[in-house]
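Visitor: Put together the whole structure using the sequences plus the hints.
One line per chain: the protein sequences are D and E, in this order. -10 is the number of the first residue of the first sequence in the working numbering; add one for each residue after it. 6 is the number of the first residue of the second sequence in the working numbering; add one for each residue after it.
Bear in mind the hints are in silico, worked out from the structure with no lab data behind them. Where hints are given, some of them may not hold.
To be verified - Partner residues are not named here, just some residues of chain D that face chain E (Cβ under 7 Å, in silico):
(1) HIS(-9)
(2) ILE53
(3) GLN55
(4) PRO57
(5) THR92
(6) GLY102
We treat Cβ as the ideally placed atom computed from N, Cα and C, and that holds for glycine.
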Amino acid sequence: MHEMSLAESIVQIVEDTARQHGGTRVASVRLEIGQLAGVELDALRFCFEAASRETVAAGATLAIDQPPGQAWCMPCGGSVTVGSLADPCPDCGSHQLQVTGGTELRVRDIELG
Amino acid sequence: MCTTCGCGTDHVHIDGVGLALSRGAHAPLTGTEQFVPAAPLPVTAEEAGIGAAGVHAHGTSAARIVQVERDLLAANDSWAAKNRQRFAASRTLCLNLVSSPGSGKTSLLVRTVSALAASRPVAVVEGDQQTSNDADRIRATGVAAVQVNTGKGCHLEAPMVSRALDRLPAMAGGVLFIENVGNLVCPALFDLGEAAKVAILSVTEGEDKPLKYPDMFRAAKLMLVNKVDLLPYLDFDVALCEANARKVNPDLEVIRVSARTGEGFDDWLAWIARAAA
Ligand SMILES: Nc1nc2c(ncn2[C@@H]2O[C@H](COP(=O)(O)OP(=O)(O)OP(=O)(O)O)[C@@H](O)[C@H]2O)c(=O)[nH]1
Ligand SMILES: [Mg+2]
Ligand SMILES: [Zn+2]
Ligand SMILES: [Zn+2]
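Guide: Right, here's the structure in full:
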């Protein structure tokens, strides 16, 4: 359950940002969690609720963008969409894939209020 | 688990001494264990969403949106970079051993450090939720070991390794092994500053594990297939297991070993020697 560890990082980042901007309450937090990042979103929401308790982020809603898995297929010489790190290229079946997107784990912005 | 908020990474202990390593809100950080946050981004009125096109509004006034764009792993990664610098400065090879519980990490290490200790400095950082059993098993060979107990934490993080390093003797030109918490999921995400992750899969676990836990096998440079002494009693297909692992990570190196009989150890020790060169 590394989601707890990630939730604590989110709270830390939100607290730092709110402090810099004199915010006392955070209405929402927008995250980017790629579909290949290995994060269980329900677990992350649950952990965020626990980790944000009694902080400026308490009660904030999470908006989560989920960029799809993208990989460069060497045999095809093109970019393809993959659902998991174990998936082959949907076009040619090769596993010679370089992941190029979908592993993002970021706080994009927060809404003070 | 922290009773205030339930956060899982509080209450880390290194050789039995408690540490405040959490980034949680109620454990104010002090001294060297403090995470160094990434430099705050400059925020202009436009970045803050005041009339800026393309800035996502969550619902109400766009003027209150603050751009952040910070990676969740940035704090861990900055500690990992510091650890990596320490290893480079002392010419230490650091290997991070990852696997599910019971695949034989400690048994492999006991045999490995016994074989290496005569020729170069060796030390071990042991990560477990509870007990100092594994560090005790390493120390019984005469090799230095530090036990990190993560409590509810299911993986090691880079600051824990940094603190553990403070307790180890200088080991120029040596090999530091980190035995991560037994868990095939979470340790994949956390860089500790190692030169390579080594994934261990024992032949009692099933050939499909690389497909079920692709992140770990993708993060690894080497897979040790352990307990091959048991193969005569099982219907485990080693070739299929290796093919599955290479579907997830085409560049993965594989060595078949037995911590019990020492089979394959020549190859494994040669791999370490090459990595350390
Ligand atoms: N037959 C056989 N048994 C092994 C081998 N390696 C380890 N074992 C046994 O597997 C069990 C678990 O070994 P450990 O070395 O404690 O495994 P571990 O991965 O360190 O376990 P955790 O630290 O709890 O995650 C023990 O009973 C070992 O004796 C092997 O190569 N062959
Ligand atoms: Mg062990
Ligand atoms: Zn976990
Ligand atoms: Zn293809």
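Visitor: If a hint holds in the structure, say so; if it does not, say that too.
Guide: Status of each hint after checking the structure:
no. : hint    : verdict
1   : HIS(-9) : holds (4 Å)
2   : ILE53   : violated (12 Å)
3   : GLN55   : violated (14 Å)
4   : PRO57   : violated (16 Å)
5   : THR92   : violated (9 Å)
6   : GLY102  : holds (5 Å)
Hints 2, 3, 4, 5 from the list above are not met by this structure, while the remaining hints are.
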